[in-house]
Amino acid sequence: QLTGFDASRPANTTLSSVAYAAGSQPVLAANAGRRGVVLYNATNKAINVALSATASLTAFSFQIPSLGTWESALDGYTGAISAIWTSAPTVGPTLHVTELTT
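So the number in the working numbering is just where the residue sits in the sequence shown, counting from 1, plus 1.
Please note that the accuracy of each hint is not assured.
What the hints assert, rightly or not - FRET-style restraints, in silico, Cβ to Cβ: (1) His97 to Thr55: 19 to 25 Å; (2) Ala60 to Arg10: 18 to 24 Å; (3) Val39 to Ala60: 19 to 25 Å; (4) Leu75 to Pro27: 19 to 25 Å; (5) Pro11 to Thr87: 26 to 32 Å; (6) Thr70 to Asn13: 19 to 25 Å; (7) Ala43 to Ala74: 19 to 25 Å; (8) Ser57 to Thr14: 27 to 33 Å; (9) Arg10 to Thr91: 36 to 42 Å; (10) Thr14 to Thr59: 28 to 34 Å; (11) Ala54 to Asn13: 21 to 27 Å.
Just so you know, these hints were derived from the structure itself, not from any lab. Since we're looking at a predicted model, the values are computed, not measured. Note that beta-carbon positions come from the ideal geometry of N, C-alpha and C, so glycine has one too.
Please construct the entire structure, taking both the sequences and the accompanying hints into account.
Right under this line is the structure:
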């Protein structure tokens with residue numbers, strides 16, 4: 002056994018993206034093996050993100066500003082994540098998603 006080695010540290014990533022569409026969009030499905038998430042808003046409009054299956058303009062967990070990044074706490078939330086743009090972006094209509102797993 003290696004001293005100081007944590008075998009449960011994230012070792013894999015899955016990269017994906019969510020293109021703009023009106024209404025709530027799924028970002029990630031629930032994943033018990035998730036160790037962390039990084040979201041990058043590559044658009045010119047803010048995105049409301051919900052730590053639930055549905056986001057809205059009035060019910061959301063946090064907002065990522067234009068060209069902003071959000072990183073989850075390691076070993077944080079493993080449930081569904083959804084997002085909704087505050088208005089239609091005219092530049093770079095994509096939310097980039099990195100999911101860290103073991």
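Hint-by-hint comparison with the structure:
Checked against the hint of 19 to 25 Å, the C-beta distance between His97 and Thr55 comes to roughly 21 Å, which is consistent with it. Between Ala60 and Arg10 the C-beta distance comes to about 34 Å, which lies outside the given range of 18 to 24 Å. Between Val39 and Ala60 the C-beta distance comes to about 23 Å, which sits within the given range of 19 to 25 Å. A hinted range of 19 to 25 Å holds for the C-beta pair Leu75 and Pro27, which are about 23 Å apart.
Checking the proposed 26 to 32 Å range against Pro11 and Thr87 shows it holds: the Cβ atoms sit about 30 Å from each other. For Thr70 and Asn13, the hinted distance range of 19 to 25 Å is satisfied, since their beta carbons lie about 20 Å from each other. Distance hint check for Ala43 and Ala74: the Cβ-Cβ separation is about 23 Å, which falls inside the suggested range of 19 to 25 Å. For the pair Ser57 and Thr14, the beta carbons lie near 29 Å from each other, so the given range of 27 to 33 Å is met.
For the pair Arg10 and Thr91, the beta carbons lie near 40 Å from each other, so the given range of 36 to 42 Å is met. Look at Thr14 against Thr59: about 32 Å separates their beta carbons, and that is inside 28 to 34 Å. A hinted range of 21 to 27 Å holds for the C-beta pair Ala54 and Asn13, which are about 24 Å apart.
The structure fails to meet hint 2 from the earlier list, while all remaining hints are met.
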